[in-house]
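Undergrad: Build the full structure now, drawing on both the sequences and the hints.
Just so it is clear: in the sequence shown, position 72 is 72 by our numbering, and no numbers are missing.
Honestly, the hints are just simulated from the structure, not real lab data.
We put the CB at the ideal spot given by N, CA and C, even for glycine.
Be aware that a few hints might be false.
Unchecked claim - Quick list of the computed label-pair ranges, beta carbon to beta carbon:
{"id": "1", "residue 1": "51", "residue 2": "29", "range": "52 to 58 Å"}
{"id": "2", "residue 1": "39", "residue 2": "63", "range": "17 to 23 Å"}
{"id": "3", "residue 1": "8", "residue 2": "82", "range": "55 to 61 Å"}
{"id": "4", "residue 1": "60", "residue 2": "9", "range": "26 to 32 Å"}
{"id": "5", "residue 1": "8", "residue 2": "43", "range": "50 to 56 Å"}
{"id": "6", "residue 1": "25", "residue 2": "58", "range": "36 to 42 Å"}
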Amino acid sequence: MGSMAARALLGIASAALLGLGALFLIASLARFERILVGAPLLVCGFILAYRLLKPRPQVLEVKVSWDPSGKLAVEELNCPYCG
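TA: The following block contains the structure:
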């Protein structure tokens with residue numbers, strides 16, 4: 001499943017959770033225990049919506065090149081502890 005399809009499914013799930021949560025909160029005016037279902041549905045819907053709308057970090061590729069001028073003297077370095 002592609003990234004766009006997954007985001008679309010999560011968006012639909014988020015909208016469904018928000019809708020059901022709002023419906024249960026409205027229905028909680030008649031029976032108070034429905035708020036125990038509506039509040040978690042709303043929280044889950046908002047968490048999904050936040051994660052979908054949060055901007056993704058952009059990965060940049062940086063290449064560094066070094067062209068020294070003149071002739072280079074190559075030396076071998078030895079570890080003072082290992083030899």
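Undergrad: Which hint numbers does the structure go against, in order from smallest to largest?
TA: Hints 1, 2, 5 not satisfied by this model.
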